[in-house]
Structure formats: C-alpha cells, structure tokens
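Build out the structure end to end from the sequences listed, making use of the hints.
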Amino acid sequence: MSLDVRREKGVGVVTLDRPERLNALDLATVRELVEVWREFRFDDSVRAVVLTGAGRRAFCTGIDRDTVVPQPNSPFSLDDPLLRVGPKSNDLWKPVVAAVHGMACGGAFYLLAECDFLVADPSAEFFDPHTSYGMVCAYESMLMATRMPAGEVARMMLMGTAERISARRAHEVGLVSELTEPEGDLTAALRCAEVLAGYPTEAVQGTVRALWAAQEGVRERAFAQAPQLIALGNLPAGRQAELFARRRTGGPPLVR
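Under the working numbering, the sequence shown has 807 at position 3, and the numbering climbs by one with no breaks.
Taking lysine to any residue and the SDA-like style, the derived pairs with C-alpha atoms no more than 20 Å apart in a straight line are: (1) K892 / E843; (2) K813 / A1007; (3) K892 / T1011; (4) K892 / F846; (5) K892 / Q1019; (6) K813 / L990; (7) K892 / V1008; (8) K892 / L807; (9) K892 / R842.
By construction, these hints were calculated from the structure, which means they are not laboratory data. Just so it is clear, the structure is predicted and the values come from calculations on it, not from any experiment.
Here is the structure:
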C-alpha cells in the first residue's frame, strides 16, 4: 500500500507513504486515495481528515516520473489521473486539513487545492517544475489561482525550478494558514481537525460545501481550456526528458 490510514478521536489521518519516492503519486496511489475518500464518505466515525506525507523531505512531489499514462491522439482530450485524486472530486465534504513539510510541488497542488486549509512547518517549500521541462502548467495554475494572489501564482508557476516559495512566504500570502514550530505540522493539523470533529457534522460539512461552491464554477470554466493548452504548448516527450535529465546542471533554486 502507498498510503497509511488511521482513525482516532473522530479524525482520519491519511499519510502518503512513499518516502523513498518523495511521496510521488503513481497510479496505484491515486487509486488508493480515491478509495479512501469514498470510504470516508460512509464512515460516520470520521468527521474530519488530516492529509500529510511520510518522512521529512517531502509532502508530495506530484506525479511519479516513471508513471506512464496513455493519451488519446487528440488535442481535445487529455487523460489526467490526478483530476480525481482529491477529496472534493470524490464528493467528500468532511473538512480536510493538510500538514505540509518539505517539498510540495507539481501534482501536489491537486491535493492541496482540495484541502480546506494548510498548516506547515518551516521546512515546507512550494514550487512547480512544469515550465522548466517544457510543459504547460495548466491545471496546477488554475487550482492555485483560487488559493493565492494572482502575482504570486504567476511567479511560482513561471519560475519553475529556479525558485521556491518558503513556508514563511506561503504564510504571508495566505496559502498556509499556520506556520508551526519545526516538525510541528502534524500536531497542529490534528489539533484543528479534532476541534472540527467535535462540532455538529452537518453544519461543518455544509460550510465546506458552501466554500467549495464559491470556487467550483470558476474552476470548471478554466479546466475546459486545459487540454488544448497542454496539447499546444507541451514539448514532445523526448525533449521534456532531455530537459529533466539536465536538471542538476544549474545552481540551487532561490528560496524566498
């Protein structure tokens, strides 16, 4: 299993458990996440959820580079396994708090965008590598546009691997709601989730649904354009691989 799932005090704790791969998402992990979100819908003992990553190097580094997703030969169709990876996309309206540490990048934003709020320890760093490797950052940009100021989203997505947003900066711009002590992200997230689990669940879930309703119309209109933008703007896979292979030749990324 790629996940560790436990329940305590009304809270379900979901841990991405691939630390040797920096908690990257392969197809098996995606399937497991979908199953967990759907299971929590029917489990009345779980009234709030915490999502985190195993190890201290990364929360999640997006799609595993070794994952192969066959694509239809059409610029109007795109099979993206991460579109169904988050709790809201699986009709789970119980609150989800993310406990972030280490790297959170690329496909991790599919998950973070569907968490209700984020807490992070000082090690957290947020970035998106797409443009550096000749890929259009479409879905990730659209998702983060509802969580961060426009200029901050643009800078993060366009700067690629050259720059990372620190936990401090993420807190300043509102992506992170609480900056914890070192290694304190999980404890802080559990504290919040236990409070939420203690409230009347119908009121909490209704509020989660209302908050999401304010975002989903904009997201759906943007998502309709993503497949064509990706098809038109992505370099061929071989050229992307060349750029990825040369990723360590430059200097270290700027952290701000």
